[in-house]
Amino acid sequence: MHTTYFYAAALLYAVCALLPLRQGGLIAAGTSLAWLLHAGALWFNMQAPGGVRLGFAVMLSAALWVSVAAYLVENRNFALDGLRRMVLPCAAVAAALPAVFPGVVFQLKGQSPAFGWHIAVAVLAYSTLTIAAFHAVLMALQEARLHARSPAPARWLGRSLDQLPALLTMEKLLFRLIGIGFILLTLTVLSGVVFSEQLFGAALKWDHKTVFALLSWLLFGALLAGRRWKGWRGKMALRFTLAGFATLVLAYVGSRFVFEVVLHRAVA
Numbered sequence: 001m002h003t004t005y006f007y008a009a010a011l012l013y014a015v016c017a018l019l020p021l022r023q024g025g026l027i028a029a030g031t032s033l034a035w036l037l038h039a040g041a042l043w044f045n046m047q048a049p050g051g052v053r054l055g056f057a058v059m060l061s062a063a064l065w066v067s068v069a070a071y072l073v074e075n076r077n078f079a080l081d082g083l084r085r086m087v088l089p090c091a092a093v094a095a096a097l098p099a100v101f102p103g104v105v106f107q108l109k110g111q112s113p114a115f116g117w118h119i120a121v122a123v124l125a126y127s128t129l130t131i132a133a134f135h136a137v138l139m140a141l142q143e144a145r146l147h148a149r150s151p152a153p154a155r156w157l158g159r160s161l162d163q164l165p166a167l168l169t170m171e172k173l174l175f176r177l178i179g180i181g182f183i184l185l186t187l188t189v190l191s192g193v194v195f196s197e198q199l200f201g202a203a204l205k206w207d208h209k210t211v212f213a214l215l216s217w218l219l220f221g222a223l224l225a226g227r228r229w230k231g232w233r234g235k236m237a238l239r240f241t242l243a244g245f246a247t248l249v250l251a252y253v254g255s256r257f258v259f260e261v262v263l264h265r266a267v268a
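All the letters of the sequence shown, read from the start, carry residue numbers 1 to 268 under the working numbering.
Be aware that one or more of the hints could be misleading.
Here are the computed distance ranges between Cβ atoms for each label pair [said to hold, decoys possible]: (1) W229 to L187: 34 to 42 Å; (2) L190 to W229: 45 to 53 Å; (3) R228 to T3: 45 to 53 Å; (4) W229 to L18: 41 to 49 Å.
EDC-like cross-link-like pairs, simulated, lysine to aspartate or glutamate; straight-line CA separation at most 20 Å [stated by the list, open to error]: (5) K235 to E143; (6) K209 to E171; (7) K235 to E171; (8) K209 to D81; (9) K230 to D81; (10) K230 to E171.
Everything labelled a hint here was simulated from the structure, so no lab data went into it. Each residue gets a CB set at the ideal place from its N, CA and C atoms; glycine is no exception.
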């Protein structure tokens, strides 16, 4: 049943991404329904006897599910139709992925009850920084359009970019998201140290996941510090945001994709 929910959510996301802005009520209702279907599908898919189902597709799908929620909340306060044009197509793909790549069951027997919170915080960190990356891309496109000598006719994404808030407002939203995401990522890293010691007998297991997660944490931390003491903004902020997000993707989703799809190894 949850497979049907995944595909239904993906279809609704895709339709809502293509609807014109004047259909605002229909877009909001359709996106909300898709989000609820997506939530139900994730819940039933991740439930497993004695454990929880994890994998690159589940994590990516959950991250985009939270990102859609962030879009729905932000769009109530700001005109962010350009964000819809970017988030919903990605959410449509991500919603369908767990139906194709179900992942593996990670047994929770013997694990601390707090391990579930570690997974939840990790998903929230991924999700918040994912929506921050979408914001960064939108800002780059918005800035390029503003500085173009002869902007292309406003079509589809162009019209949405023209209706975005001012760049300064977008920048404030971006750093608010990065600040929240950095706190969540810090909690993820710290709780990961605790569970690494329980599972492997060492505070840190120096594998690719740990290295990329710490590198992402350092990049976002450096960006916030540079913003605070050096006044970093504009292209510098966008480069750090996208670099930090890219390394974060490689930390779990990218590495698990290689293990599960390329190498066919069942790694939780």
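Now for the hints, and whether the structure bears them out:
For W229 paired with L187, a C-beta distance near 24 Å fails the hint of 34 to 42 Å. At roughly 24 Å, the beta-carbon separation of L190 and W229 lies outside the given 45 to 53 Å, and the hint is violated. One distance hint, 45 to 53 Å for the beta-carbon pair R228 and T3, holds here, with the actual separation near 47 Å. Checking the proposed 41 to 49 Å range against W229 and L18 shows it holds: the Cβ atoms sit about 44 Å from each other.
Restraint check for K235 and E143: the C-alpha separation of about 10 Å stays at or below 20 Å, so the hint holds. Between K209 and E171 the CA atoms are separated by roughly 29 Å; this puts the pair beyond 20 Å, and the hint is violated. Distance hint between K235 and E171 is fulfilled; the C-alpha atoms sit about 11 Å from each other, no more than 20 Å. With a CA separation close to 34 Å, the supplied pair K209 and D81 exceeds the 20 Å bound.
For the hint linking K230 to D81, the alpha-carbon distance of about 32 Å lies beyond 20 Å, and the restraint is violated. Between K230 and E171, the direct Cα distance comes to roughly 16 Å. Compliance with the 20 Å bound is thereby established for this hinted pair.
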